[in-house]
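Protein sequences, first through last, are from chains C and R.
Residue numbering for the first sequence is 1 to 341, as defined by our numbering.
Residue numbering for the second sequence is 1 to 547, as defined by our numbering.
No lab work stands behind these hints, which were simulated from the structure alone.
Please note that a few of the clues may not be correct.
Stated by the list, open to error - Distance windows between CB atoms, simulated:
| id | chain 1 | residue 1 | chain 2 | residue 2 | range |
| --- | --- | --- | --- | --- | --- |
| 1 | R | 9 | C | 104 | 44 to 54 Å |
| 2 | C | 235 | R | 372 | 29 to 39 Å |
| 3 | C | 287 | R | 404 | 14 to 24 Å |
All C-beta atoms in this analysis are idealised placements derived from N, C-alpha and C, irrespective of residue type, glycine included.
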Amino acid sequence: MITHTPQVPSSASVSKLMLHVGYALIPGTAAYVWLFGIGVLIQILLACITAVVTEGIILALRKRPVTQTLADGSALLTAVLLALAISPIAPWWIIVLGTAFAIIFGKQLYGGIGYNPFNPAMLGYVMLLISFPLEMTRWPAAFSLLEQTPTLQTSFDVIFNAGLGVDTVSGATPLDAIKTQLAQGVDISATLISPSYGELFGSLAGVGWEVVSLGFLLGGIYLLLTGRIAWQIPAAMLATLGVLSSIFYLIDSTQYISPLLHLFGGASMLGAFFIATDPVSAATTPRGRIYYGIGIGILTFVIRTWGGYPEGLAFAVLLMNMAAPTIDHYTRPVVFGQSRK
Amino acid sequence: MTTSLHQVYDFRGGLYLDEHKSISTSTPIEAALIPSILVLPLSQHIGAAAKPCVAVGDSVLKGQLIATADGRVSAPVHASSSGEVIAIEKRHVPHPSQLKAECIIIKTDGRDTVIEQEQTGLSNYHSLRSDELRQRIHDAGIVGLGGAGFPSHIKLKPGGHHVETLILNAAECEPYITCDDMLMREHAPAIINGLRIMQQALHAKHCMIGIEDNKIEAFTALQEAIGNDTDIDIVRVPTRYPAGGERQLIYSLTGKEAPSQGRPLEIGIVCHNVGTALAVNDAITKAEPLVSRVVTLTGSGIPQPRNIHVLLGTPVDDLLKHCHADSDDIGRIMIGGPMMGFVLDSTTAPVTKTTNCVLVTHKRDIQKPETSLPCIRCGDCADVCPVNLLPQQLYWYARSQEFDHVQDYNLFDCIECGCCDVVCPSRIPLVQYFRFAKTTIWQQERDKEKSDKARERHELRLERLEREKREKRERHNRKKAALKKEPDQKDDPKKAAILAAMKRVKEKKSTESVTPGNTDDLSSEQQSKIDAADARRAKNKKDKNGA
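Chain C on its own, in the form it takes in the complex (with noise of 0.2 Å):
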């Protein structure tokens, strides 16, 4: 018997918000497996797998109700970003190590959901590329830039057996070839008329990159609409981003990457409302998320400007994911009566 209030019936629930995402991520991922092929389903189905799998096995192991936590779809989530965020032509066995990875060492060894401290998908998507590079810098080109849409053999070849046809279907990330050419010592405005690396971009960023971005978006206005995520984080994080990389842009554009090619071309939308917005990772108070966001847009456009590698959203997230005890800590909101104080 409950003998606690308040008692009125309320709708809320995790597996419920866990499933909203899920919908909010469905136009971006259509357009994903529309322009870049079937293997974006691929890696998302093997993902799952290993995510229900990995966690079942854990809890089971930690003495959990397995059914109940599974149904939490938190696991599925992760699973899912990390398939979204790793190249849909990698090998089979980097989305399950990096899954089994996330589920293992970025959630359950903390505690399950809710402990912890780092977001589970980075988490394995870092350590498959520092310890996969070769694997996982191997990108698709969009349908409409190869001489031939590739058949669902080769998808499936290029997956599970060994990477046969791969070269038929990749091709340089529009972010790649610019890092590529300015260490070369080509300067963007040459690359982006370039014979080889011209017909990359579109009219936002990358050709096909710049839809799926626009799919993210379109899904990450979903969850802000239905208040299921935190504006103060996308918001912050979009925004600097774009003022850091127009004013770079504006400095020297032969040298800064457009902020176009910055909020639509890698990851940003996919990390602004799906990855950094994880409430468990992330800080929590309203003037910390603000913060972090900020932090996370500064670290990605450093890293990817500076930085050793194309993409740099993994790592601003997880070092933001250090930060946010310290944000928390210093951002606690002002409480109603205390302000006269």
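Knowing the structure of chain C, use the given hints to seat chain R on it.
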């Protein structure tokens, strides 16, 4: 009168809840029933319990004083019907702790004979001074009827502060409860008169009434009662829980934040409930003490939800029977609303001054308790917190019993409104954790105080023992010395004679002085040396004699 144009400030947080109010407002307030037994707790208010002034076997009349206030923060208790005092003992009372408390039990005679009060009612209260008004309100046993039960005479004392605004809290924001709504519909003029009396007691410059915008009939009735008076503003506030929280209402009406851990009086504002205003009116104009109140009997377990005048002390059982509530169907009984009320275990517990609602839920509507999941720090709780706390952080520290941190995060500003609980996706009973943390901290403070006192007492005891020992020793020594001396002188004249002779010789010796020679032509240095030697000699002699 200014009404619709008044600005309403938007308090932060809060929730739009299902109201469930219309189910209990379709019929007028029912007249009181007289139960066979009245159970009148001595503590129906915040502060010291009242002291009984009747004995078992005494006959009492309705309105007769049966327990007097004990100290300043206390309130007297009156018999709510005529009959005989059959016991003064511990009984179940409506309290979250479910503990028993001291009550006066009256077996009613059914005649409901009213005692003749010493004072008569005054239609012209203006002739009374503020302190006389307060005294009468105190003597009538009036406490805050909104639920807190703070003795009203204290809240009607400006105590050096200048009261700018007296606010009448007519918001009644909790779901299900409609007793204030019905009172306003039916007794608006008396409520406004009560407000005027309170205004005079406080010397308040003007009055405001805050009423939720869902109470249209009550609003109209109050408007009519106010008439053309210009110093009472009636303001409709949005129906958003907890609009009727004292601080929230003050903010909504004035835009001022009552200081945290302080009283609204410090910013020149006093807030009273409509039920209290009516009780004040009855106490002053009719000289009637507080012996009944309106209670909302509602919920899915009550066949016909309604409001009813209830004699204080009427057991909840009698009310349920009166409403034909089938005890087999009852899943849960709560006192107060679903957000801030508490579950009642024993239906023998009576209605008290602060019982505004008996919420009975049918057993088919009882939800199975859900297991809570870990907090995911989504922050929804912080978004709805009307006090701007961070419940997710408070929860974290309360759970790990880090009570210093809990207080750093302003636990004691929590008003336990329950909004955070309702929105929590992990279904964590947050308020329950906060209550636990509060009571534990209070307990620790009491324990510390107790142990401090105990240590102090222990130290004092040691000191006393030491002193007694010392005194005993001294006494003993003195006695011993006295025993040595006294018998010598008294019992043995010979010895006494010898002693006396020796004494004489000694005295003679000490007075005898050697005539100093060779004292001519002394330098001042030599002279001073001689003086010092003389002084030493004299001192030695004295010491020797004295020993």
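Hints versus structure:
1. Separation of residue 9 of chain R from residue 104 of chain C is about 51 Å and conforms to the stated range, judged on CB atoms against 44 to 54 Å.
2. The hint said 29 to 39 Å for the Cβ distance between residue 235 of chain C and residue 372 of chain R, and at roughly 31 Å that hint holds.
3. The hinted range of 14 to 24 Å is satisfied by residue 287 of chain C and residue 404 of chain R, whose Cβ atoms lie roughly 23 Å apart.
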